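> Read off the chains here:
There are 2 protein chains.
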Amino acid sequence: MNRTELIAEIRRKKSFLCVGLDPDMNKIPACLQQEEDVIFAFNKAIIDATLDYAVAYKPNLAFYEAYGLKGMMSLKKTIDYLRRFNVFTIADAKRGDIGNTSLKYAQAYLDPAGDFNFNAITVAPYMGEDSVKPFLQVPDKFVVLLALTSNPGARDFQNLEITGGAEGTSLEKHLYEQVLRTSTTWGDADNMMYVVGATRAEFLSDVRRIVPNHFLLVPGVGAQGGSLEEVCRYGLTDDIGLLINASRSILYAGKDTDFAEAARAEAARMQQQMQAYVR
Amino acid sequence: MNRTELIAEIRRKKSFLCVGLDPDMNKIPACLQQEEDVIFAFNKAIIDATLDYAVAYKPNLAFYEAYGLKGMMSLKKTIDYLRRFNVFTIADAKRGDIGNTSLKYAQAYLDPAGDFNFNAITVAPYMGEDSVKPFLQVPDKFVVLLALTSNPGARDFQNLEITGGAEGTSLEKHLYEQVLRTSTTWGDADNMMYVVGATRAEFLSDVRRIVPNHFLLVPGVGAQGGSLEEVCRYGLTDDIGLLINASRSILYAGKDTDFAEAARAEAARMQQQMQAYVR
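Sequence lines, in order, name chains F and L.
Residues 37 to 315, numbered by my numbering, are exactly what the first sequence covers, in order.
Residues 37 to 315, numbered by my numbering, are exactly what the second sequence covers, in order.
With the rest of the complex left out, here is chain F (with noise of 0.2 Å):
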């Protein structure tokens, strides 16, 4: 799924909800605890109950990778699963190494031979250019890279404000800022999107300065208190531009057998607050 596809969908269901696949066997259900492969049968009732309102999904790989081998077979499912619908696919993987190391991250991930066909993959950018290029070689696939995260932790680096480089170049006033900027360099919003968290919204104008055009993948609406308001006032694009993505407050939005319908009114009921953003 590319840019124009993405947009085209969520034109026609009047949503840029992104769902978060992080299922935590605490969580899930005691009702489907006696699956043979809980976490993917916790995921396919989910997807199911939220595609009329979704257009994304997002497995954080750290939930697949906590139960070993048997958490990446659940997380293969998964994506072969999603793969059956028009929706755009993102590893929330927050990888990133050193050039030749990062290709094989891509290759992992991003590459329609492999286990794991996403359309997209989140990247940390601490390594800098060559860490993130790799994964903008594959054709058609985007980097979501990190720039301003919605946890506490943000602000220990991401929000420095820095003076001098190694090359003397005009520079951004914050370290997030400077992430930005550089890495307009190495894509463009046809490949690239950024994480922008929704708990600092009055930030996004600041990053809508730097990156007019890409797409944000927006965490931290719902449960971490973001609102969509805000995030949409300073944000929203002509082509929307946002990607609002929800995990805890639709995965677990009900306890027990009535799981997949409270998830599907939630689901619903961000739709409904995104469908008047929507022109």
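Please note that the accuracy of each hint is not assured.
Identical chains blur together in the list; that is why a pair holds if it fits in one copy or across any two.
[To be verified] No more than 30 Å apart at the CA atoms, straight line, and that leaves these computed lysine-lysine pairs for DSS-like:
hint : residue 1 : residue 2
1    : K50       : K209
2    : K63       : K169
3    : K291      : K112
4    : K112      : K63
5    : K112      : K80
6    : K106      : K63
7    : K106      : K50
8    : K169      : K209
9    : K80       : K106
10   : K209      : K80
11   : K291      : K209
12   : K209      : K106
13   : K49       : K80
14   : K113      : K50
15   : K113      : K209
Since the hints were derived computationally from the structure, they do not count as laboratory data.
Only a predicted model underlies this, so the values are computations on that prediction, with no experimental measurement involved.
Once you have looked at the hints, place chain L on chain F.
Just chain L, lined up with the frame of chain F:
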């Protein structure tokens, strides 16, 4: 294996060599390509050949994830095999996510009850404190935090000069130094190490000013051109305090049936250079 045990093993073997287990199907000798599990067969031969000269082994997870579920099976067999010996094991994963998600990664790679029970994991610092601390909660395990990496892209952000932070506390000059400074409050030399590339040995004296006692995991000696002598001049401590990683220069020292012998010879060559520094 804790810090004291690691130091004892370094003194016994007169070596602080870490072998990077980065198996690349395109480079593994033809004589192994008929094995049922090519990657594990290669790793096992390399481990057997280098065990006299190495104190640590570091599989980079990208090289396993690239081969999907099959690759993860090879990783499991590799860590299970490594745990038969008294060696320090590092999951080179460069993970890091919001707190509850990092906890899942810790569960995946450090938990003694999990499939992959490593002594240590490499972590990327961009998301700050709550992305790193969950790893430090696993008893007797280590975080190896990225500080200054050996790749060209390290210059993009790690060497940026900084002037101000959210809390107005005193700051180091460069981002990588600030990562070192800030993270010293999260753990100590008994549960943290740092990645500092050998290709920039002159920076090691700045690193040692901030973290005088922590172990440094140093890539870049060998294939990437760093000098062991330079690294020791600036980085060595009374407890040695260094793990020098070599991957390609050992793994692919030979190209055919002599590959294990050639790997052993290269590991022995490095150990012989190292023994002068082990007091």
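> Hint by hint, say whether it matches the structure.
Cross-check of the supplied hints:
Proximity of K50 and K209 under a CA criterion of 30 Å is satisfied in neither setting, with 36 Å inside one chain copy and 48 Å between copies. Taking CA atoms no more than 30 Å apart as the test, K63 paired with K169 passes between copies only; the shortest distance there is 23 Å, against 37 Å inside one copy. Within a single copy, K291 and K112 get their C-alpha atoms as close as 25 Å, which meets the 30 Å cut-off; across copies the closest is 34 Å, which misses it. With identical chains, the CA atoms of K112 and K63 are at most 30 Å apart both within one copy (21 Å) and between copies (27 Å).
For the identical chains of this complex, K112 and K80 are neighbours both inside a copy (12 Å) and across copies (27 Å), given an alpha-carbon limit of 30 Å. Taking identical chains as interchangeable, the C-alpha atoms of K106 and K63 lie at most 30 Å apart whether they share a chain (18 Å) or sit on different chains (29 Å). In this assembly of identical chains, the alpha carbons of K106 and K50 never lie at most 30 Å apart, being 36 Å within a copy and 40 Å across copies at closest. In this homomeric assembly, K169 and K209 come within 30 Å of each other (Cα to Cα) both inside a single copy, at 24 Å, and across copies, at 28 Å.
In the homo-oligomer, the alpha carbons of K80 and K106 lie at most 30 Å apart both inside one protomer (16 Å) and across protomers (24 Å), since each shortest distance falls under that limit. When the C-alpha separation of K209 and K80 is checked against a cutoff of 30 Å, the pair qualifies neither within a copy, at 44 Å, nor between copies, at 50 Å. In this homomeric assembly, K291 and K209 never come within 30 Å of each other (Cα to Cα): the closest approach is 45 Å inside a single copy and 50 Å across copies. In this homomeric assembly, K209 and K106 never come within 30 Å of each other (Cα to Cα): the closest approach is 45 Å inside a single copy and 45 Å across copies.
Taking the closest pair of Cα atoms, K49 and K80 come within 30 Å of each other only inside a single copy of the chain (20 Å); across copies the shortest separation is 52 Å, beyond that limit. When the C-alpha separation of K113 and K50 is checked against a cutoff of 30 Å, the pair qualifies only within one copy, where the shortest distance is 28 Å, while the shortest distance between copies is 48 Å. Taking CA atoms no more than 30 Å apart as the test, K113 paired with K209 passes in neither setting, with 44 Å inside one copy and 47 Å between copies.
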